Amino acid sequence: MSHDMSEEKLPESHGSAGEVAEHGNPFADPGLPAHEPRRTDIDEKAASRAERQVSLMFVISMLATVGFIASYVAIDPDKIVYIFPLGKVSALNFALGLTLGVALFMIGAGAVHWARTLMSDVELPAERHPIEASDEVRADVIEQFKTGAAESGFGRRKMIRNTLIGSMALVPLSGVVLLRDLGPLPEKKLQETGWKEATETKPLQLVNMNTMQPMKPEDVIIGSLTFAMPEGLSTHDEDFQQRIAKDALMLVRIAPDDIKDDKSKELGFEGILAYSKICTHVGCPISLYEQQTHHALCPCHQSTFDLADGARVIFGPAGHPLPQLKITTDEKGNLVATGDFAEPVGPSFWERAR
Amino acid sequence: MKKLSARRRHPLAALVVLLLALAATGGLYAAFAPADKAQADVAAQSLAIDEGKKLFAVGCSSCHGLNGQGSSDGPSLVGVGSASVDFQVGTGRMPAQQPGAQVPRKKNIYTQAEIDQLAAFVASLGPGPVTPKEEQYTSTNPEDISKGGELFRTNCAQCHNFAGQGGALTKGKYAPSLEGVDAKHIYEAMQTGPQNMPSFPDTTMPEEQKKQIVAFVRHTTSDEPNPGGLTLGSLGPVTEGLFGWIFGLGTLIAVAIWVAAHTTKAKKS
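So the protein sequences, as listed, match chains D and P.
This note's numbering numbers the first residue of the first sequence as 1 and each following residue consecutively.
This note's numbering numbers the first residue of the second sequence as 1 and each following residue consecutively.
Quick caveat, the hints were computed from the structure, so don't treat them as lab data.
All values reported here derive from a predicted model rather than from experimental measurement.
Idealized CB from N, CA, C, for every residue including glycine.
Warning: the hint list may mix true and false statements.
To be verified - Listed below are several chain P residues computed to face chain D (Cβ distance under 10 Å; list not exhaustive):
#, residue
1, 151
2, 155
3, 165
4, 173
5, 175
6, 177
7, 180
8, 196
9, 264
Claimed, not checked - Some chain D residues close to chain P (C-beta under 10 Å, calculated; not the full set):
#, residue
10, 227
11, 242
12, 315
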């Protein structure tokens, strides 16, 4: 087909490859260059040599795969070897990577060499044509459309037209309703954390995440940093990761005179402040705490909070201060919370109050 | 009793009583008196404090005051404890070279004996964290490494990076790399919270857990074989991505150019 088209569309051939034969017109189309044969096209020996090269690459790939399986079986996983410039590495990992890499690379290299030397490389021009239809065809189609519209009475019978439009508009609603089945509604999950179980009469202890024990105020010294979670939560719980993502606390103690925010001082206990560990920007765990400046830095986008000033945002993209949990002590002298955070923890969302 | 009573006026009675009394006093003294070693310790301790005070006057007092009370150039050292001195001087951070965002680690110019004397002097100013003994920071249990890893990722990794390579903080401050840091100094840093690092006192992180963290850090930052090959600085996706995009993709582009640049045509043009 392409041959047929080139016959009529191409400018006349000007003899040998790429030479401009038309002396009168310096801008004449020189046409396509003539096909140049490859060495493997004209020399049978070269062709069979290329064939052997391609096969050799495929054979090397096969051997590498065998080597991969052999390494997997034979090499002790604990064996360590020194390989320049990687240093001391696992012999097994190195052998597996090398053999698999060679096996894949040789398939690719063989295929490329095959295509370049032996597969047909005759140039096949595909002509471009205007895509628009001719004037007659377009006029005919418009005529047919008008006839069809008139015969259907779509423009004349307005009641049919309007009810059709109405029914078409309503049909997608079925799909929208079905979206409800994608999952349960969020309920109040974004507003609440695990600390909501705590009440004035039945407070929740703060559990140290290192020792998994409750803490006394004297345990938390000025300048220290401790991570805490609500009592009753266990790292073995099925939903531990979901819950700790909201309940995690960062416990710091600041000399009461250094606390600039009175409300924050009131929520704390003798200078011990319990802040949410979840950044209010996109919810990264934030705990790069500088004990002298009282700044806490988020590792993801460098939002910086001043923990001595109610966790006010002093740098970065976070939109809200870190929520602070009200803490006090119970009759045994352990640190406890008596309620949930006053505002939602973590990043902002559509229905957030402010 | 009658016989004894009858001889109470014997000329030698007083001598016998005296001998008995002397023997009793001597025996009691031998049994209850403080041992010689303890006496020597007290003497050595006060000597160390004296020596430490002299060293302190030369090396530290220009900022911390002659009695460690602090000044506008340096904080008070009352109550920082011997562990702080051992860390700050042992890692070469103190005496500080110049004021700045953070005092860097540098070559330590004091001998361990001198550091101990300085520490004894500062510890005498007020009670504080005590320099740990070797068994407190040396773990012999291989399980400690994995337990320490969990604790490290909870408490330390946010600043010091998951492999202890350190990282940036605000305004020129940084969490230093833990590579090549002595086990004792890692332990002391957790005890005392040097510079902007928060402290992790024994009340919230027991000694046993500190020992586990030290075991993990020493294991991870040492020249142990690395099963995965090149660490690229253990900085995670930043260096790995950079390496992949520049060297991985670069190699592919170079191979593609090489392939295209070598024609297979019989007539080379």
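(message) Let me make sure I understand: some of the numbered hints might not hold for this structure. Which ones are they, in numerical order?
(response) 3, 6, 7, 11
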